[in-house]
Structures are given as structure tokens and as C-alpha cells.
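Trainee: Chain by chain, the residues:
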Amino acid sequence: MEEEFRIIDHYLMIRLPEEIDHKSCQEISRKADRMLLDSEVKHVVFDFSRTMFMDSSGVGVLAGRYRKVSCFGGKVFVANANRRIRKILKLSGLMKYLEFMEQEEENEKRDQD
Amino acid sequence: MKNEIRIEMEALPENEGFARVAAAAFITPQNPTVEEVCDVKTAVSEAVTNAVIHAYEEKGGRIVIRCSLENGLLHIEIEDFGRGIEDIPKAMEPLFTTRPELERSGMGFAFMEAFMDSLDVKSEPGKGTRIIMEKKFGSTLCGE
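If you're matching them up, the sequences are chains A and B in order. Residue 1 is where the first sequence starts when you use this note's numbering, and the numbers rise one by one after that. Residue 114 is where the second sequence starts when you use this note's numbering, and the numbers rise one by one after that.
Some clues are possibly wrong.
Said to hold, decoys possible - Once the Cα atoms are required to be at most 25 Å apart in a straight line, the calculated SDA-like pairs of lysine to any residue come out as:
id, chain 1, residue 1, chain 2, residue 2
1, A, Lys31, B, Ala227
2, A, Lys31, A, Glu99
3, A, Lys90, B, Thr211
4, A, Lys23, A, Asp9
5, A, Lys23, A, Phe72
6, A, Lys90, A, Gly74
7, B, Lys172, A, Met13
8, A, Lys23, B, Glu123
9, A, Lys42, A, Glu99
10, A, Lys90, B, Glu206
11, A, Lys90, B, Pro238
12, A, Lys31, B, Leu125
13, B, Lys172, A, Lys68
14, B, Lys172, B, Ser231
Unchecked claim - Listed next, with one range per pair, are the computed distances between beta-carbon atoms:
id, chain 1, residue 1, chain 2, residue 2, range
15, B, Lys172, A, Lys90, 33 to 41 Å
16, B, Glu170, A, Gly93, 26 to 34 Å
17, B, Glu171, A, Glu4, 25 to 33 Å
Treat the hints as calculated values from the structure; they're not laboratory data. Since this is a predicted model, take the numbers as computed values, not measurements. Just so it is clear, CB atoms sit at the ideal spot from N, CA and C, and this is done for glycine as well.
Working from the sequences, and respecting the hints, build out all of it.
Mentor: Right under this line is the structure:
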């Protein structure tokens, strides 16, 4: 499955693939950066709803996009991240730079903090 | 009974997924938890990606993966014959990367350390690197 990119208002929405690793990341970063340049995008939303696997390559993608949008006051949002993804993000020390969108109740028990 | 597999592969990005799925399949008879499977997949992915990117600088080369299982203990070795690591403690520091232009997170070794029970790195510049990791099943601490 391919990742999908959409721009809604000033938000670049990226629906991430099932597996986020070194291989898939190269493409995601490249496409995301092109869209960040082309359009009037201010914020980026990473949607993990399909994602089953992510290694440290994914952390690089999020951190890299944060670096780009934060210069202009933009934010990086994370949506539908399962427990595993949140664990990886927490371990990487990236949590404080990300905004978590907690719209769905499907994420039953939240391990907040 | 001891079980063992050995995989030799080309150091290409498309083989990173194969390597971690092979490791996951290898541990299936242990009835691992979902968390344990993810831990092993992540650690293998990190080690193989390091070999692809750093050992061979994305030009390809040989990677050898050995996995063995005995009494619930998984032993994994991931070996390459690439450029090697000059300063292992430095390389293992979280956020450290020799190639910042690639936008890597510098968390590869930190993740291997976090998700496996033990991690040992043997390397010699110009000769290659061997990553040795172990994990005991049925004792995962997945607190954080």
C-alpha cells in the first residue's frame, strides 16, 4: 500500500504506509518536502492508522518535517498512533515536539505521560 | 532442541523488510507476544539498515544473519563486511549519526538496546561489524 498525501487548508495530511522503514521513508520524505515547498502548507499531520511497523527511520521523517515546519510556526500532528508507535516516539524523545490527535475512542486504554 | 537459521543477503533497502519478517517467522514457535515480535522486528530492522546505509554506504554488499533459539533464548547475529565503526561508544550514543544529511534519527542502537535484552557490537574499521543481540522469551518488560 502506498502512502497518501492530501492538503486540507494549511495542513498536509500524510497517510503513512503499513511499514515505515528506511526504504519507505525515502519516498515519504521526498514527497512531503516537495509538497511543503509547493503549497501553502503550514502544518503536517501524520496519520498512522494503517501503520503496523515503524523503526527509527520513521522518527527521522517526523523529526525532519518538524524541523522544516517549526521554523514558520508550524506544528506536527500525530493521528491514530497505536501503542507501539507511541512507544517508539516516546523512546526517541520526540513526544514533546508533537501534537497528538486523540479523536478516536478505538485507542482504548491510553498510557498517558 | 536448538534451532538455527542463517541468511545471507545483499545489503539493499528492499531486503530490510525480508530480514525482519524472517526473524519474526523464526521466533513464531516460541509463541511470542505481539510486543515481543515487534521488538525483534525493530531490532533486526535497525541492524540491517545500519549495514545498508553505513557499512556499505548504500552501494550493496554482503550481510549475514544468524538466528538461534534454545530454551526460549533468541540469539541473533547480524554481520557485515563493510567499513566498520571507528568509535563504537560514540556510534551507540542516542541521536549520534555520521550522516546527518540522510535525516536519520540516530536512534538505531538505542532501539536495539531498548527492545532486546542484550546488545554487543564488535567492529573493526575496514573489516566490518557484527551485532550480537539476545532476547529471552516470556520475560518481556514492556512498561515503557
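Trainee: For glutamate 170 of chain B and glycine 93 of chain A, compare the CB-CB distance with the range 26 to 34 Å and indicate the outcome.
Mentor: The hinted range 26 to 34 Å holds for glutamate 170 of chain B and glycine 93 of chain A, with Cβ atoms some 27 Å apart.
Trainee: Check the hint pairing lysine 23 of chain A with aspartate 9 of chain A against an upper bound of 25 Å on the C-alpha distance.
Mentor: Roughly 30 Å separates the two Cα atoms, so the pair is violated.
Trainee: Going straight from one Cα to the other, do lysine 90 of chain A and threonine 211 of chain B come out at no more than 25 Å?
Mentor: holds, 23 Å
Trainee: Straight-line Cα separation of lysine 42 of chain A and glutamate 99 of chain A no greater than 25 Å?
Mentor: The given pair, whose Cα atoms are some 14 Å apart, holds under the 25 Å limit.
Trainee: Would the hint linking lysine 23 of chain A and phenylalanine 72 of chain A be met if the CA-CA limit is 25 Å?
Mentor: violated, 29 Å
Trainee: Holds or violated: are the alpha carbons of lysine 172 of chain B and methionine 13 of chain A at most 25 Å from each other?
Mentor: Distance of about 33 Å is beyond 25 Å: violated.
Trainee: Does the Cβ pair lysine 172 of chain B, lysine 90 of chain A satisfy 33 to 41 Å?
Mentor: holds, 34 Å
Trainee: What's the verdict on lysine 172 of chain B and serine 231 of chain B, does the C-alpha distance respect the 25 Å limit or exceed it?
Mentor: violated, 30 Å
Trainee: Need the status of pair lysine 90 of chain A, glycine 74 of chain A: alpha-carbon distance at most 25 Å?
Mentor: Since the Cα atoms of lysine 90 of chain A and glycine 74 of chain A sit roughly 21 Å apart, the hinted pair holds (cutoff 25 Å).
Trainee: Verify the proposed pairing of lysine 172 of chain B with lysine 68 of chain A, using a straight-line Cα cut of 25 Å.
Mentor: violated, 29 Å
Trainee: Would you mind confirming whether the straight-line C-alpha gap from lysine 31 of chain A to alanine 227 of chain B stays at or under 25 Å?
Mentor: violated, 31 Å
Trainee: With the threshold set at 25 Å, check whether the alpha-carbon distance from lysine 90 of chain A to proline 238 of chain B stays at or below it.
Mentor: Between lysine 90 of chain A and proline 238 of chain B the Cα gap is close to 33 Å, so the pair fails against 25 Å, i.e. violated.
In terms of the numbered hints stated before, the structure departs from hints 1, 4, 5, 7, 11, 13 and 14, listed from lowest to highest.
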